[in-house]
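Q: Line by line, the protein sequences give chains D and P. Position one of the first sequence corresponds to residue 1 (this note's numbering), numbered consecutively onward. Position one of the second sequence corresponds to residue 314 (this note's numbering), numbered consecutively onward.
The hints are simulated quantities; they were obtained by calculation from the structure and are not laboratory data. Since we're looking at a predicted model, the values are computed, not measured. The beta-carbon is built from N, C-alpha and C at its ideal position, and this holds for glycine as well. Worth double-checking, as some hints may not be accurate.
[Said to hold, decoys possible] Partial selection, computed: residues in chain P whose CB lies under 10 Å from chain D:
| no. | residue |
| --- | --- |
| 1 | Ile324 |
| 2 | Val327 |
| 3 | Gly468 |
| 4 | Gly470 |
| 5 | Leu480 |
| 6 | Val489 |
| 7 | Glu491 |
| 8 | Ala494 |
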Amino acid sequence: MNALHLPLSVQVALLGMFGLLLVATVVVAGLARLRPERNYTELSLRVKTWWLIVGVFSAAIIFNHTVSVIVLGFVSFLAFKEYLSLIPTRRTDHRVLFWAYLAIPFQYYWVAIGWYGLFIIFIPVYAFLFLPMRMVIIGETQGFLRAAGTLHWGLMTTVFSLSHMAYLLALPDAKNPAGGSVGLLLFLVALTEINDIAQYIWGKSFGKHKVTPTVSPNKTIEGLIGGVLTTTALAVLIAPWLTPLTQPQSIAAGVLIGIAGFVGDVTISAVKRDIGVKDSGSILPGHGGILDRLDSLTYTAPLFFHFIYYLHY
Amino acid sequence: MLRLLFFLLIIKPVAMLVLGLNIRRRDLLPARGPAIVVANHNSHLDTLVLMSLFPLRLIAKVHPVAAADYFLRNRWLSWFACNVIGIIPLERKPSAKGTQVLAPVSTALNRGDILILFPEGSRGEPEKMTKFKNGIAHLLSEHTTVAVTPVYFYGLGKSLPKGEFLLVPFFVDVFVGESLAWNGTRQAFMETLEASMQQLQQQAQLATRHAQEPQNTEART
């Protein structure tokens, strides 16, 4: 119930996030008052939803390990459900989809008990082999490859990749005296989200040259570079407080999160474009669907995890 | 009391957490009876989810009109349907003609209840809307002051299609339309109703652009 068991630096970082939100809320309110001719409802809605996201996230990590894992598992569930609601599925695969959903509690159970060996192969090996077998038992071959492929891609992205966020919490606190395991998660999530925002702001202000004209025409080289630099600077600044990374390592982590976040973002954009939707859903007012918010994390979570796992654990 | 608990502890949590509803224009749902709500029918979940959209204090007044031959076919189901869900049973293949069959439904409207009707008559193929039966027009010609609110569901037929007992989570889109008043003749009313439902269906397709199931897999089950 109380946040005091968390390292002091984590408590400060959490307060810092709420501080940033407060600043954002004041700025948006000020903008709306200064320029009544422009419409800021979308922006203000987005900030309001940020309060909800940061609130839920903080609550999840403040309680205890089990609660954190359950909340993150539920986030995976929402993301996977959104993905399945978006893509075309075969009616014959009704029960296969049920089994695919079952992978979520299993995957997060391995996280909760810290069984790394199974955590890392359960979806890429066992789920990957089991679901097509279940489809074969039903016996519908029309659209088989497409169904098996899209289903596995969804599990890998929304469950396997995202569960690396939760596994950061299973890493031993002792190896990271500065921030503990919660510090790592906070570092990853805060930097990934700030990177999204920084790329957006840099792109809006100085963007000229498109990076991915066919996938996401609003993304520019200027936004990407500005975002990566901002994220890297911030990584160097806060790494000593939350992570065991040395200074050169924190530079690498910043660049990694900056670039991977961008790639995750445009990958989900490509999926949405393929399907023909603007947003992946509507669960987060002002943002769109939950995948619209988690897109960058689907890349940064596993990559940052393995980066730090290789170097320090 | 049983109904209240059933909706509070089971149906509302399932609708909100397991499924997840995205409701457009919820405020257009009737806030008091007598009123009629009609919806497309793909799944048993249609009834339960539609009822869950009403605030708990109204639940006691909301009654789905449902097929007697199906829901009263055995003692347990009949008890559950009548006491927990609160259905008003209706004979689908009536021996007597017209209004007599609808008598219990009329009584409920006179009592000021909110009734749920599925003019398609049966759940049919998942996510396909079939022609409406005109029982609703018969009913309305007797109750000309009662308004009819159309509701369109997308996604429930995927979650729990006919013939399946395993619920698979999907986000569900709900579109509520403007309520329709009786406009003089049965045929004219049915045309207005069908047009209104089709409009909601188009809105759903536009708003969600949900990838339609490919034709070749649609046909085979």
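Q: What hints, given by number in increasing order, does this structure fail?
A: 1, 2, 6, 7, 8
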